[in-house]
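Enquirer: Here is what each chain is made of, one letter per residue.
Number of protein chains: 6
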Amino acid sequence: MSDLTHLNTRGEAHMVDIGEKQATHRMAIAEGRIVMEASTREALLAGNLAKGDALATARIAGIMAAKRTAEVIPLCHPLPLSHLDVELTALDEPMAMHCQVRAETRGATGVEMEALNGVQAALLTVYDMCKALDRGMRIEGVQLVHKSGGRSGEWNR
Amino acid sequence: MSDLTHLNTRGEAHMVDIGEKQATHRMAIAEGRIVMEASTREALLAGNLAKGDALATARIAGIMAAKRTAEVIPLCHPLPLSHLDVELTALDEPMAMHCQVRAETRGATGVEMEALNGVQAALLTVYDMCKALDRGMRIEGVQLVHKSGGRSGEWNR
Amino acid sequence: MSDLTHLNTRGEAHMVDIGEKQATHRMAIAEGRIVMEASTREALLAGNLAKGDALATARIAGIMAAKRTAEVIPLCHPLPLSHLDVELTALDEPMAMHCQVRAETRGATGVEMEALNGVQAALLTVYDMCKALDRGMRIEGVQLVHKSGGRSGEWNR
Amino acid sequence: MSDLTHLNTRGEAHMVDIGEKQATHRMAIAEGRIVMEASTREALLAGNLAKGDALATARIAGIMAAKRTAEVIPLCHPLPLSHLDVELTALDEPMAMHCQVRAETRGATGVEMEALNGVQAALLTVYDMCKALDRGMRIEGVQLVHKSGGRSGEWNR
Amino acid sequence: MSDLTHLNTRGEAHMVDIGEKQATHRMAIAEGRIVMEASTREALLAGNLAKGDALATARIAGIMAAKRTAEVIPLCHPLPLSHLDVELTALDEPMAMHCQVRAETRGATGVEMEALNGVQAALLTVYDMCKALDRGMRIEGVQLVHKSGGRSGEWNR
Amino acid sequence: MSDLTHLNTRGEAHMVDIGEKQATHRMAIAEGRIVMEASTREALLAGNLAKGDALATARIAGIMAAKRTAEVIPLCHPLPLSHLDVELTALDEPMAMHCQVRAETRGATGVEMEALNGVQAALLTVYDMCKALDRGMRIEGVQLVHKSGGRSGEWNR
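If you read the sequences in order, they're chains Z, G, R, L, A and S. By the working numbering, the letter at position 25 of the first sequence is numbered 25, and the numbering carries on one by one without gaps. By the working numbering, the letter at position 134 of the second sequence is numbered 134, and the numbering carries on one by one without gaps. By the working numbering, the letter at position 88 of the third sequence is numbered 88, and the numbering carries on one by one without gaps. By the working numbering, the letter at position 70 of the fourth sequence is numbered 70, and the numbering carries on one by one without gaps. By the working numbering, the letter at position 2 of the fifth sequence is numbered 2, and the numbering carries on one by one without gaps. By the working numbering, the letter at position 81 of the sixth sequence is numbered 81, and the numbering carries on one by one without gaps.
Just so you know, these hints were derived from the structure itself, not from any lab. From the three backbone atoms N, C-alpha and C, an ideal C-beta is built for every residue, glycine too. Misleading hints may appear alongside valid ones.
[Said to hold, decoys possible] Partial selection, computed: residues in chain G whose CB lies under 7 Å from chain L:
| id | residue |
| --- | --- |
| 1 | E12 |
| 2 | A46 |
| 3 | L49 |
| 4 | A50 |
| 5 | A70 |
[As the list claims (entries may be wrong)] Here are some chain L residues the structure puts well away from chain Z; computed CB gaps all over 10 Å:
| id | residue |
| --- | --- |
| 6 | E20 |
| 7 | V35 |
| 8 | K51 |
| 9 | G52 |
| 10 | A56 |
| 11 | T57 |
| 12 | R59 |
| 13 | I60 |
| 14 | A61 |
| 15 | M64 |
| 16 | H83 |
| 17 | A90 |
| 18 | H146 |
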């Protein structure tokens, strides 16, 4: 038998039974960053100046992806997010855009997958917007920062 | 006006016109890794031994996500992949699972977004499978490795 | 700061926090119409006579779209509809097909977006069915008619 | 038999055979507007000032919906858009936001459904953003403006 | 190594390379049936009499599912259907509804998966419509009937 | 009026009102099989030996499809599965692969559609993996085995 909860007693992938878990308030915060050339970031922020669409596009991508996490991650339970917020900020060391996503629900399982998936979609959208300038951008440090609610309690990095 | 191709002359996000581009053979290879505790990786590989479902789940997630990239990345053109391959291998320094995705199409625009999205989905699925053991896993180094086809020619990291 | 609930305190789009809202019975009714040539409507109704597929297709489109509203409207919360009904009727002044959708749920947020999205999908499907006859059809008067449940109480046009 | 191309010889809904049609450049422009209180529009435009997210959200919704039109409209053929542009502008008579979408492809069937669906999604997203202020907004005049390419040639309103 | 084309040389699932295959006209016909009590079928056909919605719903489900086959079948290539037709007829021995789907495309790979998936979705929709009357219905004989186009040529059952 | 619950009093398809139903624990088990040549099954099981991907792909397809059942079956209510398990076993009489899916939720409506849809997707994925060897495979006996929870109580085949 396996230590992996996502394998059943036959060693096969399954969607874990959460039927007995309590519906409680759950929250997760995840983050990540996309490292880029200084000139790329300058172009991104300048392009954003006109109407704000460059960063808004990435935020919207993060929000929409987070809602559909269970369609992408095979063994992830569907759950209705009650709150989602995506924040993109410029980082200087290294030259990067940083993304933080906060997800909340009232349900029987946690929302860390939704938060992480939102981060990845937002950062990859930044890559898409800038890729004609700089194909070498790199997504780094995608990780959970905080998690609360449910039996396992609070977790902080 | 902006240097970002994804903003139109009004500074607004749009889906770039590729109507004049040639339909040629296009290929992209992307990679990334998820860094984890030694004990987590041991459990993952042990759990995989029984039926192979642990890594297969991640590979399938990568393939299925790559096909739907244009649903997730707002300004990405839909295109029919002609080939997709996801490879997951164990890395020791640092202790990690490495993912490489190779995507191909015959079309008017490149497939780097599909390759990168496949990498992210596969790695996030590994996170999902192992998260009960180790919430601190970290996705790193998601980047393009190679790109060929189209007017911009070949690109290698 | 903004009067728009869908912008957070930084002025950025986010999915509003509904975690504290009560799960109550919610209902919304929306309507709209598609204005067309008399001859187009005659063909639509005649075509429908054979097996009923013309109007059934539009009703099904409205139902299926309403269920997926949160995939289309970026900041809309996903919610499980408990009831949905789409009604299409002929209107004579102006010559049109009228659509009314009634949506219900038991949840923490309203269902007006689902009702409106159902109306739009049903009417656009009518457009699709008839467009070879009449490209000039026009969708008009898509609006909320009634809303009840939740803290804001009942609203009627 | 029916005049409706979307019913087969048995009177049943089907997806029309376009196998013999030429793959040519196709373009469609559609428009519509959402009529609102002056104070609502003022709040929308003021809220947009901060970061631009209010209108960007609607533009992105229009783009993403247009790409997925064939998932919503039952008998619509899937086709890969080569270009999509969504424009939102303020109208004063009546007080409204106007939306215009231009869609292009190189394919065997037209893109008017994609353009119209993009208009509807963008306008409904504006409704969603403003609905806490004004439930009485109304979507009007959703219609095709221009269509070119294919055997049926150019069409202008 | 494996005889299964869907496993790569490492024995891992992948999406087969079809980049070298010719884009030709491809067609597939698939069928299946749902066996039910005589009284159930009577109720289905009687319910259909009113507006035709019962069978139309199943036909539409088959069409819409066929278009999205590559989202459901992990290693199936996305391809744009150029024609799709779903036919439902009453069978008496055994008492059943029979479904036949004909799918066509012009592309580099066959459409049998689309035809089969359309059959399954239409039959399962019949199950859904009748299940309150008869939970014991059974789907049988889902199979390919005909396939043409491409290097492997014509195949008939 | 009709005996079909999915037709409203006007004889039109609608999504039944489940607003008054109790949220209770619901479970359903469904099964089916795909009949194939002995040599095909041998190749499938041999191909599975290497890394297990052949059967894992089918299991994952079943799980992911079950979660999205309400997108495929037009009048099916969306509901969040709390548990899903897909089992594939070899049958000898007739030579086949057998699939059993067990689905559970805590909600206001049953999960038999999810279980049946999971069976169909898993079996069709087996078809896809083996179709280059054997186009004549046949899906048989897709049916409900057990259902419990809700007002209608327990049902067993």
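Enquirer: Hint by hint, note whether the structure agrees.
Expert: Evaluated hints:
1. E12: The hint holds - G:E12 has a Cβ within 7 Å of chain L, the shortest such distance being about 6 Å.
2. A46: violated (41 Å)
3. L49: The hint is violated - G:L49 has no Cβ within 7 Å of chain L, the shortest such distance being about 39 Å.
4. A50: With Cβ-Cβ at 37 Å, over 7 Å, it is violated.
5. A70: holds (6 Å)
6. E20: L:E20 clear of chain Z: closest Cβ-Cβ about 35 Å, beyond 10 Å.
7. V35: holds (23 Å)
8. K51: At about 5 Å from chain Z, L:K51 fails to clear the 10 Å cut-off, so the statement is violated.
9. G52: Answer for L:G52: violated, closest chain Z Cβ roughly 2 Å.
10. A56: Since the minimum Cβ distance to chain Z is about 4 Å, L:A56 lies within 10 Å and the statement is violated.
11. T57: It is violated; L:T57 is separated from chain Z by about 6 Å at its closest Cβ, not greater than 10 Å.
12. R59: Incorrect as stated: the minimum Cβ-Cβ distance to chain Z is 7 Å, not above 10 Å.
13. I60: violated (5 Å)
14. A61: violated (8 Å)
15. M64: At about 7 Å from chain Z, L:M64 fails to clear the 10 Å cut-off, so the statement is violated.
16. H83: The claim holds: L:H83 sits with its nearest Cβ about 16 Å from chain Z, beyond 10 Å.
17. A90: Non-interface label stands for L:A90: nearest chain Z Cβ at 14 Å, farther than 10 Å.
18. H146: holds (25 Å)
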